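K.L.:
Here is how the chains run, residue by residue.
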Amino acid sequence: MSALRTLGRCWPLPFLLCLAACGAGSVCKQIARSDKTVASWAATAAMVGQRWAAGDVPTSYARNTLAKGARQMRSEAAALARSAGGDPLVETTSTRYVQLAAVLTRMEALAGTGNKAEVAQLAAALPTLERLDHRCSARGQAQAS
Amino acid sequence: MVSAREIHLERLIGCKVYDSEHRCAGAIEEIEAELQDGEWVVVKVLTGPIGMLTRLSSLGVGGWLLGLLGARKSIGGYEIEWRHLDLADPARPRLTCPLGDIG
Amino acid sequence: MADDFPDMPENGTRLRLARDVLDSQMVDREHRQSGKVDGIVAELRDDGRLVITAVENGLPEAVSRVSPRVGDWIAALGRRWGVRKGEVYRIPFNKVRRTGIEVRIDVDAVATPLLDWEKWLNDHIVRHIPGARW
Amino acid sequence: MKPGKLLQVALGVLTSIGGFLDVGAIATAADAGASFRFSLLWVVLIGTICVIFLVEMPGRLAAVSKHSYADAVRERFGFQFYIWPILAEFVVDFLVLGAEIGGVCIALQLLTGIAFHWWAIPVALAVWLTAWLGTFDFIENGVALLGLITLAFVAGAIVLHPPWGEVARGFVPAPAPHEPAHYWFTAVSIMGALISPYLLYFYSSGAIEDGWGKQDLTMNRLVAGVGMSFGSLVQMGVLVTAAMVLAPRGIGVDQYGQIALTLVGPFGKWGYYLFAVSLGITCFGACMEQALETGFIVSQALGWNWGQSKRPVDATRFTMAYTLSIAASTVLMVVGIDPLKLTLFSMALTAVMLPLVVTPLLVIMNDKHYLGEHTNGWVTNAVVGLIIGLTFVMAVVAIPLEYLGGG
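Chains as they are written, first to last, in my numbering: chain S, 1 to 145; chain Y, 1001 to 1103; chain H, 2001 to 2134; chain C, 3001 to 3407.
Extracted from the complex, chain S is given alone in its bound form (with noise of 0.2 Å):
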């Protein structure tokens, strides 16, 4: 659960980052390219994970996608850092989907022991998190397009 306050907390950072570093136009793209995709994934989790909770999907379902959501997030962030490393945004968006992606792993763990609270508890933690991602990565479009 520290891992997200601390992220609640400091949201405004990289919001501020990602308005000075839009003159960049290709890392912004890049940025919301993979945003998208990482929103994407924090949401299917988020659906996923209250939906297993209420027990409308299987745990092997369930595992299977926050694992496969971690993979992509770590995927992007890996990919992200590769293609503009060294830009401060760029550092801090790929940190970030690092820490969603372990609390998608947490998620994940939870699920394989049945802790249906704490996930349904990180599921509804998520969505707040993705709007963050969607106001910079749609501002980073407005700029790229």
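By construction, these hints were calculated from the structure, which means they are not laboratory data.
All values derive from a computational prediction rather than experimental measurement.
All residues carry an ideal CB built from backbone N, CA and C; glycine is no exception.
Don't take each hint at face value.
Said to hold, decoys possible - Heads up, incomplete: computed chain C residues facing chain Y, CB under 7 Å, no partners named:
(1) 3076
(2) 3367
(3) 3369
(4) 3371
With chain S fixed as given, assemble chains Y, H and C onto it according to the hints.
P.N.:
Showing chains Y, H and C alone in chain S's frame:
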């Protein structure tokens, strides 16, 4: 085993026909044979669009389409009688007379 | 059936070889599908006439119309491993009794190489798999 | 119309509905709904109209001439021409059959939790066994009737109470609301999934298998028109449920597992299993059709005896053709290639080769040697001309769009 004067007609199709002044009459698209005393004898080849449309038996639709595309005078291509054709080298069929005489 | 082998047309009848013979579906006496016409052989006679002598069936012949080199390559493959030894089978043109989208040939395909692959696959593979004769 | 005939029409319509979806249709419709809500419904509508014509004509060709479309293209255009569409079709069949097998494997993964590539060989064996033992009727009618379960998508769309005004506006062609490259790539993928070459080859072969004659032309028209229209409702159902469940949450379609959520939304636990079974049956039916289609086109191109209604011993080359096709495509899944990526790639490839397959239709359907007095009217010819034009446009834009907007 290909005997001395044996010709594969399927390989003629698609070959371009040239006259003595190296003008092209188009690619052979159809070959016409006639029954003479129990034997089918090649009497004519058709080249170019007229040959193609004959082979695709769509002279109706094809002619209409080509008319749309501005083929004013005729659809294009030639009907070449056998006697005007020289197949000494089957891969490069020749006309024995100038293109103008084919009409 | 009567219409299978109509009597020979009269003299002067015209035949369009590309449209009504080449690439048409061959059907034998027993209505078996017997391959497509892959080639037409003609002979240049001394009197200058070019007389149709046979139709041919064989993958090497068909492919060599696209690319002679690949056609030869397939024929070589056939000679080494093929059931028909890469040979193209010829049917005398006087056995061709009907032309058009279907070419009726007055032969019994089983007695010719036309169905060699069919028989070979049956004898060596298909027949041995349960349910092949359901 | 005699009761027997009415029953045949009803069966034809039902099998069209049950057999309409395949892995490509599900993936492209779900991606469209998730990314653009209802605004691509007009593409499904246009695609369906094209499908109705592209199914009716080969059916008529086969019923009147007893020659399939593959036969006619070789007989009329010659081997030199026909070798290219058939080679292209082999490659697409190989990929699409792999994707369809993948679809069944994913369904089994959803049901059992066992990773999908473990299911590749059992699924391939089941597909092969059904083809080996089943008659064409059993395969076409049996599997397709089971496919009626896909009406769950239509039910899901209704239960979710979509804004019907916005849905209706989706049927009006409109420019991209956002991300134009992805919008048009998705549009081309939907068309590529709908207007697939296998329609022409499979339906003409099917009409011969069913022994259709001139007396079946009305039925052919009814089955094509009514069947395909209802069938497209199912694909629209997939699009609408994705628009209602995935789009608001910003869930994109990167994996089949995410598409399962479209039915979990409206039906909860039941929705999950409904999706898995729908995906499995739909893709299993499509596997049969793709495998048999490979057998049809090679047999008809080379003039072999063929027929799924024949026993394997009576059509050994045809039988071995589809057997090798199933075996080859299964390798794609055994090595664990992602079925969804394979699906979208094969849809784009299909779009590129479509002109080569559809263009000969204009010549053949006007050839009296094949159709006598049942050749195309000028209306149908005009529609075929439009479809050919559309396929050329799709062929030109498919690959650039895949690069720009597909990834």
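K.L.:
All hints are to be evaluated individually against the structure, with a verdict given for each.
P.N.:
Now the hints, each set against the structure:
For the restraint placing residue 3076 of chain C at the interface with chain Y, the shortest Cβ-Cβ distance is roughly 6 Å, inside the 7 Å limit, so the hint holds. The interface hint given for residue 3367 of chain C holds, since its Cβ lies 5 Å from the closest Cβ of chain Y, which is under the 7 Å cut-off. For residue 3369 of chain C, the suggested interface contact is upheld, since its CB lies about 6 Å from the closest CB of chain Y, less than 7 Å. Against a cut-off of 7 Å between C-beta atoms, the interface hint on residue 3371 of chain C is violated, since the closest Cβ of chain Y lies about 11 Å away.
When each numbered hint is compared with the structure, a violation occurs for hint 4 only.
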